[in-house]
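Undergrad: Put together the whole structure using the sequences plus the hints.
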Amino acid sequence: MDRRDFLKAAGLAGLGIVSPFGVRTARAQEEGPYTGPFFVLVNAAGGWDPTSLCDPKGRANEEESDPMNYYFTGDIGQAGNIRYAPVAGNQAFFEKHYQKIMVINGVDTTTNGHDSGSRHTWSGRLAEGYPALGAFLSASVAASKPLAFISNGGFDETQGLVAPTRTGDTGSLSRIAYPNRLDPSNEASELFTPATQARLQAAQRARLDRMQERQRLPRLKKAMGALYVARSGENEIQRLTEFMPTDLDRSNNGLIRQAQVALAAYRAGVCASVNLSTGGFDTHGDHDNRHFPSLQRITEGVDFLWEEAARQGIADKLVVVVGSDFGRTPGYNAQNGKDHWSITSMMLMGQGVPGNRVVGSTTDRHRPIALDPTTLAPSEAGVRIKPGHVHRAIRQLAGLTGSSLDRLFPIVEEDLPLLG
Amino acid sequence: MREAQAHKPRRAATRLVAWSLSTAALAGAWGCTATQTEPTPEPEVTGCVSTEAFFRDEVWAPILSTNCIQCHNPQGAAKDTDFVLQSAAQTGFLEANMRTIREVARFEVDGTSVLLLKPTGQIEHGGGQRIEPNGPEYQALVSLVAQLKEPIACAGTEGEDILAGVEYIEDVQVLRKVGLNLVSRLPTPSEEARVMQDGLPGVEAVLDQMMTEPAFYERLKEVYNDLLLTERYYQDTRAIDLLDGNDYPNRRWYNAEPDGTIRDKLAVMTNRAIAREPLELVAHVVREGRPFSEILTANYTLMSPFSARLYGVSGFAYFDGDDPDMYDPYELHEAQIPGVPHAGLLTTHVFLNRFPTTATNVNRHRSRMVYKMFLATDVLKLAERPVDPTQIQDHNPTLYNPACTVCHAVIDPMAGAFMNWDERGRYRPPEMGWNADMRPPGFGDATVPAGENTHALSWLAEQIADDDRFATAVVHTVFTALTGQEPVSGATDGLSPADAKARLQAFELQEEVFGAAKKRFVDSNQDFKAVVKAMAVSPYVRAANVDPVPAEREAALGWLGTGHLLTPEQLDRKIVAVTGYPWIRNNRNILLNEFRIFYGGIDSDTVTTRIDEPNGVMSNIAARMATEMSCLAVPKDFNIEDPAQRRLFPHVERSFQPEDDNGFEVAGAVAAIKDNIRHLHQRVLGEDPSNDELDATYQLFLETWREGKAAVAAGDLSVDVDYRCRSENDAAGEPLPEALRVRRDEAFTVRAWMAVMAYLLNDYGFLFE
Numbered sequence: 047m048d049r050r051d052f053l054k055a056a057g058l059a060g061l062g063i064v065s066p067f068g069v070r071t072a073r074a075q076e077e078g079p080y081t082g083p084f085f086v087l088v089n090a091a092g093g094w095d096p097t098s099l100c101d102p103k104g105r106a107n108e109e110e111s112d113p114m115n116y117y118f119t120g121d122i123g124q125a126g127n128i129r130y131a132p133v134a135g136n137q138a139f140f141e142k143h144y145q146k147i148m149v150i151n152g153v154d155t156t157t158n159g160h161d162s163g164s165r166h167t168w169s170g171r172l173a174e175g176y177p178a179l180g181a182f183l184s185a186s187v188a189a190s191k192p193l194a195f196i197s198n199g200g201f202d203e204t205q206g207l208v209a210p211t212r213t214g215d216t217g218s219l220s221r222i223a224y225p226n227r228l229d230p231s232n233e234a235s236e237l238f239t240p241a242t243q244a245r246l247q248a249a250q251r252a253r254l255d256r257m258q259e260r261q262r263l264p265r266l267k268k269a270m271g272a273l274y275v276a277r278s279g280e281n282e283i284q285r286l287t288e289f290m291p292t293d294l295d296r297s298n299n300g301l302i303r304q305a306q307v308a309l310a311a312y313r314a315g316v317c318a319s320v321n322l323s324t325g326g327f328d329t330h331g332d333h334d335n336r337h338f339p340s341l342q343r344i345t346e347g348v349d350f351l352w353e354e355a356a357r358q359g360i361a362d363k364l365v366v367v368v369g370s371d372f373g374r375t376p377g378y379n380a381q382n383g384k385d386h387w388s389i390t391s392m393m394l395m396g397q398g399v400p401g402n403r404v405v406g407s408t409t410d411r412h413r414p415i416a417l418d419p420t421t422l423a424p425s426e427a428g429v430r431i432k433p434g435h436v437h438r439a440i441r442q443l444a445g446l447t448g449s450s451l452d453r454l455f456p457i458v459e460e461d462l463p464l465l466g
Numbered sequence: 024m025r026e027a028q029a030h031k032p033r034r035a036a037t038r039l040v041a042w043s044l045s046t047a048a049l050a051g052a053w054g055c056t057a058t059q060t061e062p063t064p065e066p067e068v069t070g071c072v073s074t075e076a077f078f079r080d081e082v083w084a085p086i087l088s089t090n091c092i093q094c095h096n097p098q099g100a101a102k103d104t105d106f107v108l109q110s111a112a113q114t115g116f117l118e119a120n121m122r123t124i125r126e127v128a129r130f131e132v133d134g135t136s137v138l139l140l141k142p143t144g145q146i147e148h149g150g151g152q153r154i155e156p157n158g159p160e161y162q163a164l165v166s167l168v169a170q171l172k173e174p175i176a177c178a179g180t181e182g183e184d185i186l187a188g189v190e191y192i193e194d195v196q197v198l199r200k201v202g203l204n205l206v207s208r209l210p211t212p213s214e215e216a217r218v219m220q221d222g223l224p225g226v227e228a229v230l231d232q233m234m235t236e237p238a239f240y241e242r243l244k245e246v247y248n249d250l251l252l253t254e255r256y257y258q259d260t261r262a263i264d265l266l267d268g269n270d271y272p273n274r275r276w277y278n279a280e281p282d283g284t285i286r287d288k289l290a291v292m293t294n295r296a297i298a299r300e301p302l303e304l305v306a307h308v309v310r311e312g313r314p315f316s317e318i319l320t321a322n323y324t325l326m327s328p329f330s331a332r333l334y335g336v337s338g339f340a341y342f343d344g345d346d347p348d349m350y351d352p353y354e355l356h357e358a359q360i361p362g363v364p365h366a367g368l369l370t371t372h373v374f375l376n377r378f379p380t381t382a383t384n385v386n387r388h389r390s391r392m393v394y395k396m397f398l399a400t401d402v403l404k405l406a407e408r409p410v411d412p413t414q415i416q417d418h419n420p421t422l423y424n425p426a427c428t429v430c431h432a433v434i435d436p437m438a439g440a441f442m443n444w445d446e447r448g449r450y451r452p453p454e455m456g457w458n459a460d461m462r463p464p465g466f467g468d469a470t471v472p473a474g475e476n477t478h479a480l481s482w483l484a485e486q487i488a489d490d491d492r493f494a495t496a497v498v499h500t501v502f503t504a505l506t507g508q509e510p511v512s513g514a515t516d517g518l519s520p521a522d523a524k525a526r527l528q529a530f531e532l533q534e535e536v537f538g539a540a541k542k543r544f545v546d547s548n549q550d551f552k553a554v555v556k557a558m559a560v561s562p563y564v565r566a567a568n569v570d571p572v573p574a575e576r577e578a579a580l581g582w583l584g585t586g587h588l589l590t591p592e593q594l595d596r597k598i599v600a601v602t603g604y605p606w607i608r609n610n611r612n613i614l615l616n617e618f619r620i621f622y623g624g625i626d627s628d629t630v631t632t633r634i635d636e637p638n639g640v641m642s643n644i645a646a647r648m649a650t651e652m653s654c655l656a657v658p659k660d661f662n663i664e665d666p667a668q669r670r671l672f673p674h675v676e677r678s679f680q681p682e683d684d685n686g687f688e689v690a691g692a693v694a695a696i697k698d699n700i701r702h703l704h705q706r707v708l709g710e711d712p713s714n715d716e717l718d719a720t721y722q723l724f725l726e727t728w729r730e731g732k733a734a735v736a737a738g739d740l741s742v743d744v745d746y747r748c749r750s751e752n753d754a755a756g757e758p759l760p761e762a763l764r765v766r767r768d769e770a771f772t773v774r775a776w777m778a779v780m781a782y783l784l785n786d787y788g789f790l791f792e
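Sequence order for the protein chains is A and B.
Residues 47 to 466, numbered by the numbering used here, are exactly what the first sequence covers, in order.
Residues 24 to 792, numbered by the numbering used here, are exactly what the second sequence covers, in order.
Just so you know, the hints here were simulated from the structure itself, not pulled from any lab data.
Hints are not guaranteed to be accurate.
Under the rule of at most 20 Å between Cα atoms (straight-line distance), these lysine to aspartate or glutamate pairs were calculated in the DMTMM-like manner [as the list claims (entries may be wrong)]:
{"hint": "1", "chain 1": "B", "residue 1": "Lys404", "chain 2": "A", "residue 2": "Asp161"}
{"hint": "2", "chain 1": "B", "residue 1": "Lys244", "chain 2": "B", "residue 2": "Asp231"}
{"hint": "3", "chain 1": "B", "residue 1": "Lys244", "chain 2": "B", "residue 2": "Glu509"}
{"hint": "4", "chain 1": "B", "residue 1": "Lys200", "chain 2": "B", "residue 2": "Glu710"}
{"hint": "5", "chain 1": "B", "residue 1": "Lys395", "chain 2": "B", "residue 2": "Asp628"}
{"hint": "6", "chain 1": "B", "residue 1": "Lys542", "chain 2": "B", "residue 2": "Glu531"}
{"hint": "7", "chain 1": "B", "residue 1": "Lys542", "chain 2": "B", "residue 2": "Glu241"}
{"hint": "8", "chain 1": "B", "residue 1": "Lys395", "chain 2": "A", "residue 2": "Glu174"}
{"hint": "9", "chain 1": "B", "residue 1": "Lys200", "chain 2": "B", "residue 2": "Glu241"}
{"hint": "10", "chain 1": "B", "residue 1": "Lys659", "chain 2": "B", "residue 2": "Asp753"}
{"hint": "11", "chain 1": "B", "residue 1": "Lys244", "chain 2": "B", "residue 2": "Asp753"}
{"hint": "12", "chain 1": "B", "residue 1": "Lys395", "chain 2": "A", "residue 2": "Asp161"}
{"hint": "13", "chain 1": "B", "residue 1": "Lys404", "chain 2": "A", "residue 2": "Glu108"}
{"hint": "14", "chain 1": "B", "residue 1": "Lys404", "chain 2": "A", "residue 2": "Glu203"}
{"hint": "15", "chain 1": "B", "residue 1": "Lys102", "chain 2": "B", "residue 2": "Asp468"}
In this text, all values refer to a predicted model and were calculated from it rather than measured experimentally.
TA: Next up, the structure:
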């Protein structure tokens with residue numbers, strides 16, 4: 047059975063490659079590089095402060111006893127319809143990109159634990175058992191690609207849908223891309239002739255087929271299936287070496303380097319989603335001084351992503367989601383820090399996202415305001431926005447509503463017209 | 024020539040019989056005479072469902088865990104009632120909830136249990152009507168109430184024996200699998216003979232010996248570093264840099280050494296001793312056969328001559344300007360840092376800095392990690408029920424608001440017990456006492472006794488050592504080390520009823536196996552090795568396959584079998600164990616350096632979780648490994664003159680070709696080649712190949728040989744092996760006799776064997792265990 051047949055058969059069986067309580071759907075997919083939307087998920091690890099970013103509150107004057115922020119309300123900036131806190135690199139970022147940004151404020155993660163908050167934000171469900179958004183999306187559109195889902199951190203559980211990939215020393219990529227060459231830069235250094243190499247691979251596939259056919263324990267069957275799929279894109283990694291920059295960014299903003307690798311992987315047609323992640327947001331003390339540089343890394347990193355994507359001619363392919371574990375408590379604690387708060391914001395950008403738009407709101411003390419599920423106007427009898435609502439919208443944006451994976455991992459929250 | 028025989032895993036008749044064999048036999052209960060080929064008796068399957076199983080499958084999973092617990096939890100609306108349920112995050116939650124429901128069910132109104140009246144709204148219930156009267160959920164509760172009055176206990180095996188039909192690997196394969204995991208080598212023939220004779224008790228006996236080898240302690244440190252992550256400080260002087268210069272004015276004592284090279288070496292040796300204190304303590308406690316809780320209760324740390332000098336501790340032979348290599352950096356001794364109350368690894372600098380604190384975190388992170396690593400409790404999971412910030416308006420919510428206290432009541436007392444250790448891991452008892460707005464330092468309901476505040480961590484360590492969950496944590500750690508997976512959670516949130524039932528069945532099986540391992544741990548005065556042995560012979564390690572079973576039972580078997588991808592470290596060692604040679608480049612182990620992160624490994628710093636399933640990049644790395652190692656190992660093995668001394672090719676010579684010049688099969692050569700293929704399957708993959716597998720591998724050899732032979736004859740391929748694969752010198756670099764050099768390959772057998780080796784080294788059976 048060749049790769050196409052295997053994936054097709056597994057897909058028809060509705061199961062694919064099993065996990066005890068999850069399923070890797072091995073889909074029949076078009077051969078060739080992946081060229082669909084590129085989903086970039088930017089994680090602010092540790093719980094960011096939306097009031098210092100896209101849900102500004104501020105303080106009226108210096109006499110205010112328990113200010114939400116130390117900046118003044120009169121200094122709050124506005125770019126188009128989007129209000130932003132006048133700190134860090136916000137002004138430059140929002141002024142430049144507001145036309146493609148949709149801000150969702152008042153998102154209720156219903157938790158203030160890091161693990162559960164990160165999971166809720168990025169899987170759309172508080173409880174365990176759902177895949178990370180990046181895994182869900184890449185498994186839906188490019189499951190067989192060798193670097194379908196690159197993770198640089200953050201919540202990246204896959205539920206067996208797709209194997210996550212970490213990127214190490216990219217200088218080694220050619221040695222990875224050409225495993226049969228004793229000298230990766232020398233085409234003539236292949237240990238085995240092309241015929242032998244083909245024979246070897248066919249023999250390995252046939253043996254794995256035989257083993258899978260005999261095996262019924264889910265864990266072992268799943269492991270064999272994962273190896274089968276991992277091998278299916280062996281030669282596609284070679285394209286990655288063509289697009290990888292020779293000189294990756296070495297600044298202290300790791301997001302930039304992560305973005306460079308991710309864009310190269312996308313251009314090589316081997317990647318459909320990536321988790322970009324940066325930390326430093328869990329600022330229980332000295333909040334402003336420690337939090338703002340982290341926010342600046344986010345805005346600068348996302349700005350770089352768009353600039354670089356435009357330079358490479360793939361900006362129209364990007365779908366960017368920016369989020370965090372949760373928010374931070376209203377006001378400052380005794381150490382001038384902010385603790386955990388379950389209300390947060392998310393930002394969406396890119397293909398299909400209506401920019402210059404703000405959905406949802408919070409009170410002056412950053413409590414969520416329910417909204418009418420039809421008009422999205424504030425409504426006491428309405429609903430609170432939860433990560434599940436956002437995930438539902440993203441699935442819709444990606445054209446995955448009603449797909450097999452959508453049915454397998456249903457979002458319980460109702461439809462909200464977040465995208466207009 | 025041996026008769027070709029397909030590997031046939033043994034099938035277990037039942038869970039109880041199959042799994043209990045080892046422990047029961049060891050205890051003498053089975054007379055210790057059963058061999059692995061004896062049929063196990065088929066116990067009677069009764070069809071009986073015990074009250075506990077009924078509660079688990081029909082009440083807890085579909086009703087309590089999804090409906091009632093929304094309010095009836097420690098921070099929920101019904102937190103002040105008598106009916107407070109524990110979530111699956113709590114160790115032993117099923118038993119605890121069974122006890123609770125038994126108590127509640129006893130209360131009756133007019134002869135009917137409140138367990139039936141309240142949820143149906145027949146009497147006042149804060150949550151209103153939750154289930155339909157006479158609906159299936161109600162009927163399940165009616166049955167349970169009746170059973171609680173007259174419990175059903177099942178003799179023998181219950182109707183649904185989860186392990187019925189499971190097939191197990193041979194006992195010698197168990198030894199190979201566990202041996203590679205623990206000591207990175209293949210079993211010796213005598214060890215295999217012991218197991219062939221004694222079965223699983225023999226496996227345990229051999230493991231006892233293996234667990235005295237240095238490699239075991241290296242593996243043990245690796246296992247615990249996956250938890251502690253203190254290897255972050257192993258490089259350069261990262262551990263030394265953590266120390267306060269005022270506390271340890273001699274911390275850079277090596278700077279007095281005028282010779283730069285020696286100075287650097289001294290710095291590295293000193294740093295490593297500091298960085299490895301917790302991991303070496305773990306190894307030391309096990310090596311010395313001490314109760315394992317000494318890793319927390321030890322009133323000492325381990326010092327080398329180099330770190331002792333830093334700490335200013337006498338009694339060690341200090342370096343005095345001579346050759347630093349004369350000192351064994353791994354010669355460690357128990358010693359105390361003056362003025363510091365030790366509590367095992369908890370008070371080591373690297374532990375305290377790896378899990379730091381801040382002024383507002385006030386040791387809660389440290390507390391959480393101790394719960395997770397040594398008490399099998401993920402505190403954060405206690406709070407995974409939704410919280411509503413609009414409800415949090417109290418003063419000091421961590422002390423008073425139920426949404427917060429669910430975790431803080433657990434972690435804050437322990438956080439207080441860390442009070443004497445500041446954010447830099449320095450011993451600094453607070454002058455004004457611990458934070459008054461937090462719960463007092465303690466553990467659970469116990470408070471640090473007056474007068475013991477200055478060594479509160481030592482007191483805490485003793486409490487943990489006596490806690491049942493410490494044994495659970497040890498079992499969890501060993502389970503993960505041997506199987507590569509986390510224990511199954513009993514949480515059923517979001518699962519379908521069928522999946523929830525399967526999950527709980529899997530959980531119950533695990534509890535049974537873990538319970539037995541815990542018992543051995545406790546009965547042996549906390550012998551860590553007892554847990555390793557118990558887990559090594561458990562169905563999780565031994566299961567190989569299962570007869571066709573219904574899907575729901577298949578799901579319940581989802582955690583059986585050790586189909587886990589080897590870590591970079593494990594694969595690196597397995598390559599050496601099987602081929603005899605490491606996979607290196609520029610004298611550095613490739614999998615531990617260049618490809619460590621790509622291959623899913625950790626650096627204990629920014630990358631701290633392993634990837635446990637292969638991706639495209641990892642697949643290519645495995646293929647490169649197979650290419651390079653076949654290029655290296657095949658010629659080197661043929662360098663060895665005596666076939667009996669060869670690891671890979673004891674049955675063939677390079678001259679053995681399967682066909683003569685006229686294309687006719689050379690029977691003797693073919694037989695030898697097939698014998699060698701069988702040997703390679705056994706050595707590389709640990710399997711006795713079936714005829715089909717043997718033929719498949721032979722065909723690969725044959726067709727590669729035919730292709731190469733023809734290409735050489737036609738001048739399309741060189742008669743020489745690629746220069747990067749030639750082997751013409753011995754291990755000392757001296758030229759080998761001409762006949763033993765592997766350079767020319769006119770017969771094309773060397774390269775055909777390389778293809779076979781690449782095939783096997785890149786096989787599932789090699790990359791996974």
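Undergrad: The structure should be examined with respect to each hint, and the outcome stated for every one.
TA: Hints and how they fare:
1. B:Lys404 <-> A:Asp161: Measuring from Cα to Cα gives roughly 9 Å; hence the hint holds.
2. B:Lys244 <-> B:Asp231: holds, 18 Å
3. B:Lys244 <-> B:Glu509: This hinted pair holds, its Cα atoms lying about 18 Å apart.
4. B:Lys200 <-> B:Glu710: holds, 11 Å
5. B:Lys395 <-> B:Asp628: Given that 20 Å is the threshold and the Cα spacing comes to 19 Å, the pair holds.
6. B:Lys542 <-> B:Glu531: holds, 16 Å
7. B:Lys542 <-> B:Glu241: Not OK: B:Lys542 and B:Glu241 at ~26 Å, beyond 20 Å, violated.
8. B:Lys395 <-> A:Glu174: Measuring from Cα to Cα gives roughly 18 Å; hence the hint holds.
9. B:Lys200 <-> B:Glu241: holds, 17 Å
10. B:Lys659 <-> B:Asp753: At roughly 9 Å apart (the allowed maximum being 20 Å), B:Asp753 and B:Lys659 satisfy the hint.
11. B:Lys244 <-> B:Asp753: At roughly 34 Å apart (the allowed maximum being 20 Å), B:Asp753 and B:Lys244 break the hint.
12. B:Lys395 <-> A:Asp161: holds, 13 Å
13. B:Lys404 <-> A:Glu108: Since the Cα atoms of B:Lys404 and A:Glu108 sit roughly 40 Å apart, the hinted pair is violated (cutoff 20 Å).
14. B:Lys404 <-> A:Glu203: holds, 16 Å
15. B:Lys102 <-> B:Asp468: Distance ~18 Å between B:Lys102 and B:Asp468 Cα, so the pair holds.
Going through the hint list in order, the structure does not satisfy hints 7, 11 and 13.
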